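Assemble the whole structure, with the sequences as input and the hints as a guide.
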Amino acid sequence: MTQQRLDFTSASPDAVKAMYALEAAIAKLGLEHSLLELIRLRASQINGCAYCVDMHTSDARKAGETERRLYAVSVWRETPFFTPRERAVLAWTEALTLLSENHAADEDYAALEAELSPAEMVNVTLVIGSINTWNRLAVGFRKMPE
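In the working numbering, the protein residues as written are 19 to 164.
By construction, these hints were calculated from the structure, which means they are not laboratory data.
Careful, some of the hints might be misleading.
As a list, the in silico SDA-like pairs of lysine to any residue whose alpha-carbon atoms are at most 25 Å apart [claimed, not checked]: (1) LYS46 <-> ASP72; (2) LYS80 <-> LEU144; (3) LYS46 <-> ARG103; (4) LYS35 <-> TYR127; (5) LYS35 <-> ARG103; (6) LYS80 <-> GLN63; (7) LYS80 <-> TYR127; (8) LYS46 <-> TYR127; (9) LYS80 <-> ALA68; (10) LYS46 <-> GLN22; (11) LYS46 <-> MET162; (12) LYS46 <-> ASP25; (13) LYS35 <-> LYS46; (14) LYS35 <-> SER135; (15) LYS46 <-> GLU119; (16) LYS35 <-> ARG154; (17) LYS46 <-> PHE159; (18) LYS80 <-> GLY48; (19) LYS46 <-> ARG95; (20) LYS46 <-> VAL34; (21) LYS80 <-> ARG95; (22) LYS35 <-> LEU47; (23) LYS35 <-> MET162; (24) LYS80 <-> ASN120; (25) LYS35 <-> PHE100; (26) LYS35 <-> GLN22; (27) LYS46 <-> ARG154; (28) LYS35 <-> SER52; (29) LYS80 <-> THR20; (30) LYS46 <-> VAL140.
It should be emphasised that the depicted structure is a prediction, and the values quoted were computed from it without experimental measurement.
Structure representation (structure tokens):
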């Protein structure tokens, strides 16, 4: 098992406080809590963040997600379990998390635009950026699930 490299929270409390302020703002944007957790879980799976996968699986359950849907998040394209709105958001999450692979392809943008308002598109993109930052902190400094 890997050991934690650095406790980033105590190493730079002001930076982490700013991230928590961003999370507080995200919570007030009006997006469904379960959708936020699907975004966070999928990005964390892609980034290989064990700490964040553990946290957001638990948080998604608390937000009402079922075990069946949680098990299928990594293969969402192959299941009928997700709504068109969720599918568009999951595709956008993958596109922006794997940005160097497809540069936010037009088809992913079009699917998002068909399901979300312009404000929701910006807000979802902000959530994706935030979880990718948390993933990089947790993976880079080897934060372990508790």
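For each hint, the structure was consulted:
Between LYS46 and ASP72 the alpha-carbon distance is near 24 Å, which keeps this suggested pair within the 25 Å criterion. Our distance criterion of 25 Å between C-alpha atoms is met by LYS80 and LEU144, whose separation comes to about 22 Å. A distance of roughly 20 Å separates the Cα atoms of LYS46 and ARG103; the hinted pair therefore holds under the 25 Å criterion. Restraint check for LYS35 and TYR127: the C-alpha separation of about 32 Å exceeds 25 Å, so the hint is violated.
Proximity of LYS35 to ARG103 is assessed by CA-CA distance (about 31 Å); at most 25 Å being required, the pair is judged violated. With a CA separation close to 19 Å, the supplied pair LYS80 and GLN63 stays within the 25 Å bound. A threshold of 25 Å between alpha carbons decides the hint, and for LYS80 with TYR127 the separation of about 29 Å lies outside it, so the pair is violated. A distance of roughly 24 Å separates the Cα atoms of LYS46 and TYR127; the hinted pair therefore holds under the 25 Å criterion.
As the CA atoms of LYS80 and ALA68 are separated by approximately 19 Å, the hinted pair is consistent with the 25 Å bound. Proximity of LYS46 to GLN22 is assessed by CA-CA distance (about 32 Å); at most 25 Å being required, the pair is judged violated. For the suggested pair LYS46 and MET162, the alpha carbons sit about 28 Å apart, so the restraint of at most 25 Å is broken. With a CA separation close to 28 Å, the supplied pair LYS46 and ASP25 exceeds the 25 Å bound.
With a C-alpha separation of about 17 Å, the suggested pairing of LYS35 with LYS46 holds against the 25 Å cut-off. Restraint check for LYS35 and SER135: the C-alpha separation of about 30 Å exceeds 25 Å, so the hint is violated. The hinted pair formed by LYS46 and GLU119 fails the criterion: a straight-line CA distance of about 31 Å is larger than 25 Å. Between LYS35 and ARG154, the direct Cα distance comes to roughly 16 Å. Compliance with the 25 Å bound is thereby established for this hinted pair.
Annotation: proposed proximity of LYS46 to PHE159 is violated, straight-line Cα distance about 29 Å (limit 25 Å). With a C-alpha separation of about 17 Å, the suggested pair LYS80 and GLY48 falls inside the 25 Å cut-off, and the hint holds. A distance of roughly 29 Å separates the Cα atoms of LYS46 and ARG95; the hinted pair therefore is violated under the 25 Å criterion. Straight-line distance between C-alpha atoms of LYS46 and VAL34 comes to about 19 Å, which keeps the hinted pair within the 25 Å bound.
Among the hinted pairs, LYS80 with ARG95 is consistent with the structure: their alpha-carbon atoms are about 24 Å apart, no more than 25 Å. With a C-alpha separation of about 19 Å, the suggested pairing of LYS35 with LEU47 holds against the 25 Å cut-off. The hinted pair formed by LYS35 and MET162 meets the criterion: a straight-line CA distance of about 20 Å does not exceed 25 Å. Of the pairs offered as hints, the one joining LYS80 and ASN120 is violated, with about 33 Å between alpha carbons and a cut-off of 25 Å exceeded.
Straight-line distance between C-alpha atoms of LYS35 and PHE100 comes to about 34 Å, which puts the hinted pair past the 25 Å bound. Of the pairs offered as hints, the one joining LYS35 and GLN22 holds, with about 20 Å between alpha carbons and a cut-off of 25 Å not exceeded. A distance of roughly 24 Å separates the Cα atoms of LYS46 and ARG154; the hinted pair therefore holds under the 25 Å criterion. For the hint pairing LYS35 with SER52, the CA-to-CA distance comes to about 24 Å; that is within 25 Å, so the pair holds.
Taking the CA atoms of LYS80 and THR20, the gap is near 28 Å; set against the 25 Å cutoff, the hint is violated. For the suggested pair LYS46 and VAL140, the alpha carbons sit about 14 Å apart, so the restraint of at most 25 Å is met.
Hint check: violations occur at hints 4, 5, 7, 10, 11, 12, 14, 15, 17, 19, 24, 25 and 29; the rest are consistent with the structure.
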